[in-house]
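A.B. asks: Could you put the whole structure together from the sequences, leaning on the hints where they help?
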Amino acid sequence: MGGYLLRRLLSVLPTLLGITLVTFLLLEALPGREMALLGGEDRGLPSSGALEEIRRAYHLDEPIGRRYLGWAFRVARWDLGESVLDGRPVGPILFRAALPTLALNLAALLMAFAVSVPLGVSWARRRGTRGERTGSTALLLLYAFPNFAAALLLQQVFAVRLGLLPLQGTGGLLPGAPPLARAGDFLLHLLLPALCLGYGSLAYLTRFTRANLLEAIGREYLLAARARGVGEAVLAWKHAFRNAAIPLLTLVGLLVPALLGGSVLIETIFSWPGLGRLYFYSLSNRDYPVVLGLTTLTALLTLGGSLLADFLYALADPRVAAQEGR
Amino acid sequence: MANRLARACFLLLLAIAGAGCGPGKAPGRSSAAAPSGPPDSGDWFVLPIDSDPATLNFVSGTDAWQDLVARFVADSLVDEGGDLQPVPRLAASWDFSADRKVLTFHLRRSVRWHDGAPFSSRDVLFTYRKILDPASRARADLLQDIREVTAPDDFTVRVAYREPTVLALDAWKFPIVAEHLLSKGDFMSSPVHLAPVGTGPFRFVSWDRGREIVLEANRDYVLGRPRLDRIVFRIIPSRATQLQSLLTGETDWSSIPPEEWETLRADTGFRRRFQIFEYPALYLYYIAWNARTPFFSDVRVRNAMTLSLDREGYLRKIYRGAGVVAATTFHPRQFGYDPSLPPLPFDPGRASALLDEAGWLRDPGDGSRSREGKPFRFELLIFQGNPVQEQIAALLQEGLSRNGVKMEVRVLDFPALLDRLHRHDYEAAFSGWYLTPDPDPVPFFHSDPVLGSSNYVGYSDPEADRLLAEARHTFDPEVRRTIYRRVQAILHRDQPYTFLFFPLQRIAMDGRFRGARTTAAGGPLRAFPGILEWHVPSEEQKHRGAL
Amino acid sequence: MTPRQSLSRGLFLSCLALLVALLAPLLAAEAPLAARREGSLCFPALRSIPLLGRGLDCPAGATLDWPRIRKSGRGGILLDPPVPFGPGTSDLDSVFMPPSRSHWMGTDSLGRDVAARLIHGFPVALMVGGLATLLALLLGISMGAAAGAGGKWLDLALSRLIDLVACFPTLVLALALVAAAPRPGLWVLVLSIAATRWTGVARFFRGEVLRQRGMAYCEAARAAGAGRPYLLARHILPNALSPILVTAAFSVSSAVLLEAGMSFLGLGVPPPAPSWGSILAEAQRQVVPAWWLILFPSLALFATVLGCTLVAEGYRDSTDPRITRVG
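Residue numbers (my numbering), protein chains in the order written: chain A, 25 to 350; chain B, 72 to 618; chain C, 384 to 710.
Worth flagging that the hints you see were computed from the coordinates, not collected in a lab. For glycine and all other residues, C-beta sits at the position ideal for the given N, C-alpha and C. No incorrect hints appear here.
Each computed SDA-like pair below joins lysine to any residue, with the alpha-carbon atoms no more than 25 Å apart: (1) B:Lys613 with B:Arg296; (2) B:Lys477 with C:Pro408; (3) B:Lys477 with B:Glu443; (4) C:Lys535 with A:Gly26; (5) B:Lys255 with B:Leu265; (6) B:Lys255 with A:Pro113; (7) B:Lys477 with C:Leu569; (8) B:Lys244 with A:Gly73; (9) B:Lys255 with B:Val220.
Coverage of chain C stretches by chain B, computed from C-beta distances (three or more under 8 Å per stretch; other residues unrestricted): (10) 465-478; (11) 653-662.
Which stretches of chain B does chain A cover? Using the computed rule of at least three CB atoms under 8 Å from a CB of chain A, they are: (12) 203-210; (13) 484-492.
C.D. replies: Shown next as C-alpha cells:
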C-alpha cells in the first residue's frame, strides 16, 4: 500500500511538468502578446525600438525550450515571477484571488452537503415512496437548469427587484467598519454566488449519499446492531453514514476542477474577485506569468484532490492498490 | 390681543424657517447654488474606476485611470485650461524665439516634492529622457520634432525644435517625475511606481489593490492647498454597480448609461441630489477598411459601406443620443471643423448603385454580389466585451446582406485585434481612437509609417500628406483652418475609414460639490485647475475628521 | 420517475428540440411561407433548403424587403411563418419591448424579436453540441482503445496525457484554444469544446477495453487468430456501446452549456448569431435587465439540457441490471 501511494505521488511530478509545458506552448500560440505588453491600448503602431525593447525585456527571441526551462527552474525555487501588467509578484496575486474562490467553493459544497446528506439519508430509508420520487425529479430539474442563467434570474429577483441581497462583490462596507459587521456583510454577499454554484450538485450528491448508504445498510454487521435493538434512525446516522463518508470525501477530491471551472461564470456575474475571474482576465490581457501560475496552482489542486481521493479509496478498499500495481 | 401675538409669533417662526432654508440647503445644478458662507475646506471625493491601473508609473503607463491619478499627484509644465488655452503649472511662464524654433520655460521656484526635496529643471530633463528611452515603453510621438533639450540653470528649460510646430506646447503636458527618487536602480521596477511621489495638489496615501486608491490634499502645494481633503478612487468593475453606488451614497460620481439618461434626467428627486453633466468624450469609433484588399481599394465601395449603415438612427434610437455622428476625425467642437461637410446619410439605394458601378453585380438567383467570379464576402473583426461594436456589426451585417454583400463577424480579444490591425492582416476591423483637443490628424492619415502610426488602412494620398504636414507648421489660425477644410473634403470624398461617432459622456455627480463644471476642454475633471476649485460647504460635508 | 419514464420524456424533449432546430427557417423568418407575386405562387421561406430551395423563391426574391412589404399591407403575402421575423431583423423603433401580441417574447437591444432568435438558437446549440460530442467521442474512443489495447508504455503515456488534459478547468481551456486559433470561427469553437470533453470517454473506454480483454470470449477469438483491431471493432465496441451512449447524451448537454457559457463571455459563436448565451449576455449588461431576455433563453437551455439528461439517465438506469425497479 505504501508502495502504491509512493508511485502515485511520484507520478504527480511528470504530470505537473506536462501540464505546465502544454500551457506554455498554448500561450505561445496566442496572438497579440507584444501589443498587450506595450499597454494594450490603440495608440498607433509602436515604434520598432519599442518592439525590440519588449522582446529583449521578456526574452521573446529566445527559443521556447530555453524559456520554459528558465521558468520551470524559477518555480522550483518558489519564484513564480512577476505579473507583466503591474510588476507585482505572482504568488501574492494568486493568494489574494484564491481566498475568495476557496470561500465560494467551500460555501457551495457546505450548502450542497447540508441539504443532500440529510436528504440522501432520509430517502435511503424511504426508498420508492412518492415523496422520494417527486423529490428526485425536483432535484433532477434543478440539475438541468444552467447555473449562470439561475444566477442572472436570482440576481434579478433578490438583488434588483426585492433589494434583499447585495448585487455583486465581496462587501460594500467602508474599510473602517468593525470586523464583525464586515464578516456579516461578506456572508451576505457570499450567499447568492455560493447557492448558484452549489445547487447543481444537489441531485448527484443526494443520490450518491443514498446509494452508498443503501449499500452500507445492507452489510452484515448492521444486522447485528439491529439485533441488539439499536433504532433505525440511529443506525442510519451513526453506523452506515460513517462508512459512506469515505466515498463522499473522495468525491470532494474529484469535484475540485469542476468547481474551479464553473467558477468563471459565477465569479464574472457576481464580480467575485476569485481565481476564475483572474484566469479570464489574465488570459485576455496576455499576463503569462499569472496564467502559468494559475495553471500550476489548479493542476496541483486537482492532482492533490485526485490523489486524496485515490488514497481514501485505497484505504477503504485495499484491493484497489493491489490491482493498480501491475 | 393674544390672537395678534400668536399670529406675530407664527409669522416670526415662518420667517426664521424661511431664512434657514437658504440656497445652501438644496444642492442644485452646478451654476445655480451660491455658497452660504466662506468657502470651506474638507470632505472627500469618491469616484469609481473600472479596475486597478496596471501601474502608477506616470511615464510608461497608458490607461485612463492611471492618467487621472497622475494629473492629481504630479504636475506637468503646462496643462489645458477650460478655454483650451495652455495654463501654467510647473512652468510659471514661457516664451518662443522669433523663429519659433526655441521654446524656453521658466519654472516656478520653491516647488517641493511630496517628500520635501526641491523641484528643479533636473527633474524635467530626467523625465524627458526617460520618455525617449525605449526601455520605458512610453509614447513619445509629440516629442519627435525636438532636436534637443537643455537646462541652462535650475529653473530654466530650453527646448530646441527642428522645425517650428504648432504643437510645441502640447508636447509638454506630460507629468514630471522625481529624478532624485527614480534615477537610482532600475527605473521600470522601482517601488516608487507603487507609491508615487509628485509635486501635485494631492499626495499619494495608499493603494489597496482591488479596493481603492487614496490621495490626500497637499497642504504645501505651490498654487495653494486644494479645498477637498481627499480623493478616493474606488474600484468597482461593473458600470451597473457604479450607478448603484452613487444612488446609495457610497460614491460621488457615476457615468450614466444611455438607457437611463432620459429617466434620470426627468426624475426631480434625482436632480435634487445630483448634478448631471453631458460633454463630448474625445474618442472616435471607426471601422477600418483595409485598402490593400480587392474590395476596399475602390473608393466607391468604401463609400457604399458608409452609406449602408444608419449611424444617425443607431445613435438616436439605440444609443439614446449619447453620441455625435462623425464626418471625419474632426469633432464639431474642435478648431477647424467644417460644418458644410455633413456626414454621409443612410442611403442603401445609393450604396447599391455605387457597388454596381464598381463592378460588384448581383447574381440574379440569390442576389449575392460578385465580380469576375469572386464573391463579395469579408470578415469584420471586433473585440469582445463592447456592446456598441456588436450592435453596429449586427446592423451593418443586416444592411449589407440586403444589398447582396456577405459580412461575417469575428470576435477577438483586444490584444489579438490590435496585433492584426498593426500587421494589416484583416479585411475590416472595428476600433476607436483617443483624440487630442488639437485636431491634428497626421497620425491617422499620413502615408509615412512613422508619422502615420495609426494609419492602419494604408491610406495614401499625396495631396493629403502635403497638406497635413503644412498644417503642422502653420501658425496663422485662419490659414490653418483653410488647410483643414481642404483635408476634410479629401477625407470625405475618400472615406478611408467609416467614421462612426464621437460618444458623449454623461455623468452624474453628488450635488454637494460646488465649482464643478464642464468646459470646452471636456468634463469637470478635465481642465486645470478643475478639481482644485471644488469645495463642499461645511454643513453638507460627509466625511469629516483630520486630514 | 421510473427509468422508462425518464427515457421517454427525455426523448420527447430532445426530439422536440431537434424538430425546432430543423424547422427553424420555417418557424421564424422574415420571408413569408407562401406568397403570390407577379401572378405566380412562390414560397420564399423555403429558399434556404438546399437544392430544391432556389426554384421556390419569388421572382427577384433576393431584392425583396419583406418587412417593408408586410408593413405596407400589400405584396401578396398568403401565409406567414408563426414568427414573422428573422433572427437578424432589426427594428430600431421597437427596442426593448416587453412581450406583446406582435412580439411574443419581446425584443432585444436592436429591436430583434426574441422568439425568432430563440428558435434559431436551437440549430446553433444542437449543432455545436452535437458535433463537439461526436468529435469528442471519436477522439475518446480511439485514444481509449489505443491505451487499452496497446502495449504497457503506450498505455502509460496516453493515461498521463488524459490526466493532463483533464486537469485543465474546461472553460479556461476552451477559451484559450479559441483565442489561440489563427482564424476563429464556428469550427474552432466546436473543436475547442470537443477538446475538453474527450477525456471522460477515453478513460471509460480504456477501462472497458482492459476489462474485456481478460474475458473468455476474447481469449477464444484471439486463439482463433483474430487481430486486435478486429476484436475492438467487432466485439469490444458493441459491448461498450450502451455506456458510451449514456456518456454521449451527458456530453451533449454539457457541450451545449459550455457553448452558452462561452457566448455569454463573448467568445463563443460569432455574433450576431443567435446563441442563447449571447442573449443572456446582452441582458446582463443592462442596469435593470429586461426579464424576458433572461427568462426565455434560460428556459430554452433548461429544456435542452433536461432532455439530454433524462435520456442519459433513463437509458443508463433502464439498462443497468443493478438498479432495482420500483413499482
